[in-house]
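There are 4 protein chains.
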Amino acid sequence: MADYVYGPGRTHLFVPGPVNIPDPVIRAMSRNNEDYRSPAIPALTKTLLEDVKQIFKTTTGTPFMFPTTGTGAWESALTNTLSPGDRIVSFSLGQFSLLWIDQQQRLGFSVDVIESDWGYGADLGALETRLRGDSGHTIKAVCIVHNETATGVTNDLHAVRKLLDAYRHPALLLVDGVSSICALDFRMDEWGVDVALTGSQKALSLPTGLGIVCASPKALEAAKTAKSVRVFFDWKDYLKFYKMGTYWPYTPSIQLLYGLRAGLDLIFEEGLENVIKRHARLGAATRLAVEAWGLKNCTQKEENFSDTVTAVVVPAYIDSSEIVKHAWKRYNLSLGLGLNKVAGKVFRIGHLGNLNELQLLGCLSGVEMVLKDIGYPVKLGSGVAAAAAYLSNSTPLIPSRI
Amino acid sequence: MADYVYGPGRTHLFVPGPVNIPDPVIRAMSRNNEDYRSPAIPALTKTLLEDVKQIFKTTTGTPFMFPTTGTGAWESALTNTLSPGDRIVSFSLGQFSLLWIDQQQRLGFSVDVIESDWGYGADLGALETRLRGDSGHTIKAVCIVHNETATGVTNDLHAVRKLLDAYRHPALLLVDGVSSICALDFRMDEWGVDVALTGSQKALSLPTGLGIVCASPKALEAAKTAKSVRVFFDWKDYLKFYKMGTYWPYTPSIQLLYGLRAGLDLIFEEGLENVIKRHARLGAATRLAVEAWGLKNCTQKEENFSDTVTAVVVPAYIDSSEIVKHAWKRYNLSLGLGLNKVAGKVFRIGHLGNLNELQLLGCLSGVEMVLKDIGYPVKLGSGVAAAAAYLSNSTPLIPSRI
Amino acid sequence: MADYVYGPGRTHLFVPGPVNIPDPVIRAMSRNNEDYRSPAIPALTKTLLEDVKQIFKTTTGTPFMFPTTGTGAWESALTNTLSPGDRIVSFSLGQFSLLWIDQQQRLGFSVDVIESDWGYGADLGALETRLRGDSGHTIKAVCIVHNETATGVTNDLHAVRKLLDAYRHPALLLVDGVSSICALDFRMDEWGVDVALTGSQKALSLPTGLGIVCASPKALEAAKTAKSVRVFFDWKDYLKFYKMGTYWPYTPSIQLLYGLRAGLDLIFEEGLENVIKRHARLGAATRLAVEAWGLKNCTQKEENFSDTVTAVVVPAYIDSSEIVKHAWKRYNLSLGLGLNKVAGKVFRIGHLGNLNELQLLGCLSGVEMVLKDIGYPVKLGSGVAAAAAYLSNSTPLIPSRI
Amino acid sequence: MADYVYGPGRTHLFVPGPVNIPDPVIRAMSRNNEDYRSPAIPALTKTLLEDVKQIFKTTTGTPFMFPTTGTGAWESALTNTLSPGDRIVSFSLGQFSLLWIDQQQRLGFSVDVIESDWGYGADLGALETRLRGDSGHTIKAVCIVHNETATGVTNDLHAVRKLLDAYRHPALLLVDGVSSICALDFRMDEWGVDVALTGSQKALSLPTGLGIVCASPKALEAAKTAKSVRVFFDWKDYLKFYKMGTYWPYTPSIQLLYGLRAGLDLIFEEGLENVIKRHARLGAATRLAVEAWGLKNCTQKEENFSDTVTAVVVPAYIDSSEIVKHAWKRYNLSLGLGLNKVAGKVFRIGHLGNLNELQLLGCLSGVEMVLKDIGYPVKLGSGVAAAAAYLSNSTPLIPSRI
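Residue numbers (UniProt numbering), protein chains in the order written: chain A, 1 to 402; chain B, 1 to 402; chain C, 1 to 402; chain D, 1 to 402.
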């Protein structure tokens with residue numbers, strides 16, 4: 001039953017999450033439960049909390065690993081640092097920023113939304129206007145999605161920090177790094193991010209189930225007075241158990257802890273900078289293929305090109321959801337749908353997580369065939385050739401095999 | 001590293017959760033991620049939502065499978081049905097009911113706590129007094145833990161329902177079934193439970209990660225007007241996606257879905273009634289062993305004896321946490337600690353989930369040796385003999401092997 | 001340690017064996033040992049022995065599943081049917097036929113070797129000459145490798161049978177189907193094959209460890225008088241245990257039995273004819289790519305083109321082993337080395353077993369990059385384009401997803 | 001289907017092979033195939049060949065890891081060192097020694113069988129008589145099963161060596177260590193064993209599939225002139241590939257190699273001497289239980305008591321195969337059948353491999369219940385009490401948890 005959609009060979013998983021899990025991680029997770037109150041699990045947890053900070057590039061932050069998804073991690077970031085009615089500035093530029101804004105509103109904050117057309121980055125000019133006008137510091141937080149997964153737009157967090165600094169504005173900087181952290185350049189400490197968060201099923205290449213939230217000292221301080229109602233997502237409970245050395249206020253997934261350990265080990269073995277370079281390489285190759293096919297990137301400006309997901313705009317006479325459906329039905333290829341405003345208009349190629357060059361080229365050749373099948377006049381091989389030309393010049397030898 | 005507490009042979013896992021996962025479930029979960037928006041996952045989810053109702057013994061209820069733990073499931077049950085300031089009656093009788101009450105208070109409800117000494121069941125007489133005096137129906141909900149995991153106390157839910165009916169009281173009945181559902185007799189529809197909840201790592205014998213909440217039509221109705229702030233735990237989002245047939249407002253754990261499918265299949269193959277009888281058998285056997293050892297059950301009245309966990313009271317001169325520590329260090333046996341008020345005074349034997357007679361007898365023989373090691377004058381073999389005498393009279397042949 | 005050659009992403013396994021194992025099979029094998037004398041294992045074995053016959057396309061044959069490799073299966077085929085000194089005709093046309101001939105000689109048979117240049121098929125004319133001259137029936141067996149894995153040459157078994165029939169020659173027909181059975185058209189009964197054999201790690205897509213040998217009634221009859229010394233590989237012991245219904249004269253691998261069950265289920269779900277068509281499709285696509293690259297197939301005649309492995313001849317100025325090494329070091333791609341006479345001259349692309357179109361295209365794009373890296377003037381994308389053009393016209397929808 | 005004999009909870013596997021596989025080993029083996037000609041597999045193999053020698057306690061021996069079972073390992077030991085017609089002395093004392101003798105005869109050796117009644121050890125007096133009378137050194141080898149799995153009899157190998165030395169007899173000493181090596185005290189070099197062998201599914205606690213044969217320098221020398229026909233089991237092919245550094249003349253099971261690596265790591269972590277002590281402890285505990293039940297050990301003399309398997313004699317009015325059947329049907333307990341001469345008369349408890357105290361006590365309590373069910377007047381708890389009394393005095397703390 002479980003395999004009632006069986007197709008021969010590997011499934012080619014190119015949605016922008018959940019992503020491919022490395023085999024050693026699948027192995028590490030294939031295990032029975034354990035008593036999480038034995039000495040083993042706290043000892044393991046301690047290493048995870050320490051090592052996961054490297055992924056955020058922070059030494060001063062405090063990480064929390066919630067048994068939840070990205071949506072829960074958002075809620076944790078907001079409710080621990082803010083009080084109902086607080087004014088926050090939030091950028092709307094795609095489905096996931098929209099959903100976060102919806103959450104912000106439902107949680108009772110006064111959300112000052114800065115809109116961008118889908119495909120464009122966060123409007124920092126509009127932010128500057130807000131900051132300039134806010135000498136009273138009514139803005140308590142700026143919320144931004146680092147990488148909008150729906151449109152493949154990466155925002156410039158460093159620029160946001162510089163604006164806040166320029167106006168000496170004390171607003172907290174809350175960042176959704178769900179499809180960026182551990183794949184794109186992200187520097188929590190250097191960029192003064194107050195809360196950063198990601199989900200295990202994205203660049204960390206694990207199953208869904210861990211919402212990892214990292215709080216700066218300033219965010220921890222804010223948590224002491226934040227009045228938003230929270231229990232499950234409350235940092236306070238974790239901090240209490242951290243102090244006790246048992247770490248878990250409620251039962252964690254034993255399997256995900258071992259999986260995270262194995263996943264971090266692989267990331268550190270490859271080297272975080274190499275992981276980021278690999279994503280840059282795969283992103284660039286994908287964009288070259290799209291160009292070769294004569295299609296447009298949903299992302300309008302080069303500075304916002306995302307190295308984790310590419311949203312490809314299809315001609316008006318094609319329904320992009322047909323592409324996704326057909327890829328799955330004929331080639332065992334999973335692509336991302338266009339969502340909301342761009343439903344039917346774009347399909348998405350996720351190129352994040354544990355992935356290599358030939359996997360991507362296999363995907364691109366599949367996209368070419370799908371485009372042809374669906375009636376778009378693509379030259380078979382054109383995108384693969386463009387991508388391969390780039391990759392053959394930029395792919396390093398695998399370090400462990402030199 | 002991951003096995004740095006390696007001991008030869010199987011770990012004997014007898015904490016009352018997380019519990020032993022059957023091998024076919026571990027196998028079913030040992031898999032890569034998948035696109036949860038492909039047709040496969042909604043089709044799978046549909047079967048799960050339908051079949052999980054059988055575990056709750058409901059045909060009218062609506063289940064929600066949150067990517068969370070029991071603590072999150074509590075929060076979902078409360079915030080979807082109640083508004084800040086609402087008066088609720090809640091029974092305090094052990095660590096987990098305490099934690100739930102703490103959550104109820106932090107979520108802003110007016111909690112009318114009915115205390116019992118630890119080891120005693122919920123004081124239904126006190127409830128009756130409340131109900132009798134509440135002709136104005138200020139009580140919006142009665143919250144009760146079916147099986148208090150800290151003390152091994154099972155409460156009589158049917159009696160609670162009868163009281164509510166006797167006073168024609170419209171309060172919602174919210175039940176924590178974390179260590180009861182799928183192991184003890186639980187009848188959502190028949191007993192008029194409005195919200196029931198459990199966690200995947202308990203009797204369902206899966207990893208931690210699914211908080212399963214089941215709502216009666218009355219609870220769903222209440223959700224329409226409940227004013228508690230909620231987003232991640234909001235039923236509304238799920239109902240919207242149920243209607244659309246895609247089921248998931250945010251990314252589920254693919255692995256847990258396949259695991260739940262395999263787990264339910266095993267439960268149905270054994271037969272839910274047989275699963276419950278097996279728990280009754282193992283619970284009775286455990287109590288006979290405790291008696292043979294000359295030790296006391298923390299549970300004071302036979303009517304409250306729990307078939308999923310037994311809290312064993314140790315003599316005053318023994319620190320029960322030494323028993324737990326020693327069992328793990330010498331015999332690879334994981335027992336449950338005494339928590340809070342009974343810390344140091346009881347240790348707990350979890351006998352729930354995918355477990356059989358010889359596993360339990362192995363555990364009991366281990367407990368005997370630990371008791372001897374720790375200085376309690378136990379007669380080795382006494383508990384095992386008492387338990388085996390019972391089991392050898394009550395254990396049926398394995399149906400598939402007759 | 002086990003992963004000390006770790007590279008990010010999937011390994012692209014394109015050696016002609018051992019081949020990719022489907023995930024459901026890996027899952028089915030991830031299990032503890034079991035008592036092989038319990039009723040479960042014979043019941044499972046019975047289904048396997050019955051179903052494996054379909055792979056051989058036989059209803060009259062008797063299969064034996066030896067805990068061994070292809071080399072052991074060879075030995076079983078020979079020693080059970082022949083006596084020391086027996087004259088056998090054997091075709092030499094590549095490394096694996098050579099190794100089998102070496103075994104035939106070491107086992108004491110009088111081997112009449114018919115040589116072909118590597119890249120050519122079995123010389124059936126020479127066989128005819130032998131048969132014509134053998135009115136005394138001194139030839140006891142004709143041994144032929146259906147698909148020579150070293151050169152990618154498929155022989156015409158039906159033609160061999162027709163020759164034997166034309167001369168009414170009673171010689172046994174012994175066939176190495178290691179890289180053909182379950183991938184290429186193979187018909188044991190129709191073609192009058194007396195012993196056919198394969199290994200689990202080839203088209204069956206399992207780990208190494210089962211040498212499956214199938215004997216015709218005539219072969220079983222021959223076994224009664226064959227004087228070759230044999231114990232481990234003796235069919236007699238199996239036949240005795242088949243009769244007893246316990247099936248196993250010595251301990252089988254429990255894991256491989258469950259794996260074979262899962263593997264056969266997948267093959268039957270896809271349909272054996274569809275499996276064979278898939279191999280034909282992938283083989284044709286591969287050859288089109290090779291042609292587009294301007295390289296030669298080691299196989300000289302179209303009638304011998306193999307749909308499971310393609311041996312690609314490289315220009316004299318290139319050492320093909322550098323291609324294999326480089327593919328592994330830079331692109332995590334495993335290709336087959338040239339062996340013996342064609343060492344350094346060919347590299348091999350295995351396209352058998354559980355494999356699909358996009359996996360192959362990923363491999364082909366990798367080969368293109370490797371060729372470029374190594375100094376061969378390939379046009380990137382050319383082979384992929386040629387293969388994709390073919391595949392996009394020939395690949396059916398995945399039946400379970402229509 | 002695969003689980004059509006499903007029973008809840010763990011299967012209690014107490015046959016003397018195949019035995020329980022540790023979870024880390026199952027995990028290590030849950031993987032796809034790999035190219036065995038890549039640099040990774042030879043590197044891995046090299047560590048295995050080096051480390052496996054520790055299990056044999058040899059520094060001068062040469063190990064071979066055949067893709068076969070114990071029966072194949074026997075054949076390899078014999079055919080590589082002996083020539084047809086060679087006189088060998090072999091001890092018959094149970095089913096497995098019988099089967100080996102049957103093989104020896106079928107392979108064409110002149111077997112001088114020394115019989116013992118089942119339950120007794122090898123008759124070394126009879127060997128001495130042979131040696132004394134063989135000044136012409138017609139005896140080419142002495143073949144002995146270290147631990148006869150059918151009767152639970154361990155023979156004194158050191159005494160055999162001393163006899164050979166006393167008579168300065170050059171006969172090779174060939175030892176079946178299938179159910180002893182890595183569990184009982186075994187010293188290849190010190191005891192002058194020329195060929196020792198075991199199977200992966202025994203004390204090494206892996207799946208079936210590796211027949212490990214270790215040859216002394218004298219045995220390797222003998223192999224140069226031994227005339228027995230052999231190909232698959234020929235050491236020569238391995239030695240050739242050892243020299244080339246590629247190690248494998250034919251395809252190994254990738255999974256078993258990684259499994260062996262993980263298994264050896266666990267054995268070394270526990271310490272081989274501790275592994276042996278653990279077996280001694282579990283063996284002694286089992287015998288005390290048998291005594292407490294009022295039953296007899298099939299092994300007649302204390303000096304031959306086996307620490308890996310105990311054959312328990314049942315009263316004449318009980319059919320021991322009913323015990324085995326009932327244990328499996330009611331308690332999910334797998335015990336060993338009585339074989340051949342002791343069929344119906346004994347059942348066997350295997351206590352070898354990756355096993356700990358509480359697992360054994362669970363098994364013993366199961367045996368007690370089965371005995372009662374089947375009509376034997378056992379006092380429930382008696383055997384467990386006797387075993388536990390011993391274990392509670394002898395079991396050390398788990399080193400990694402101190």
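Hints are computed from structural coordinates only; laboratory data are not their basis. Please note that a few of the clues may not be correct.
Note: identical chains are not told apart, hence a pair may lie in one copy or across any two.
DSSO-like cross-link-like pairs, simulated, lysine-lysine; straight-line CA separation at most 27 Å [what the hints assert, rightly or not]:
hint, residue 1, residue 2
1, K379, K53
2, K379, K46
3, K296, K379
4, K240, K325
5, K341, K372
6, K46, K162
Each hint, compared with the structure:
no., hint, verdict
1, K379 x K53, "neither (45 Å within a copy, 45 Å between copies)"
2, K379 x K46, "neither (53 Å within a copy, 41 Å between copies)"
3, K296 x K379, "both (16 Å within a copy, 25 Å between copies)"
4, K240 x K325, "between (48 Å within a copy, 23 Å between copies)"
5, K341 x K372, "within (25 Å within a copy, 43 Å between copies)"
6, K46 x K162, "neither (34 Å within a copy, 49 Å between copies)"
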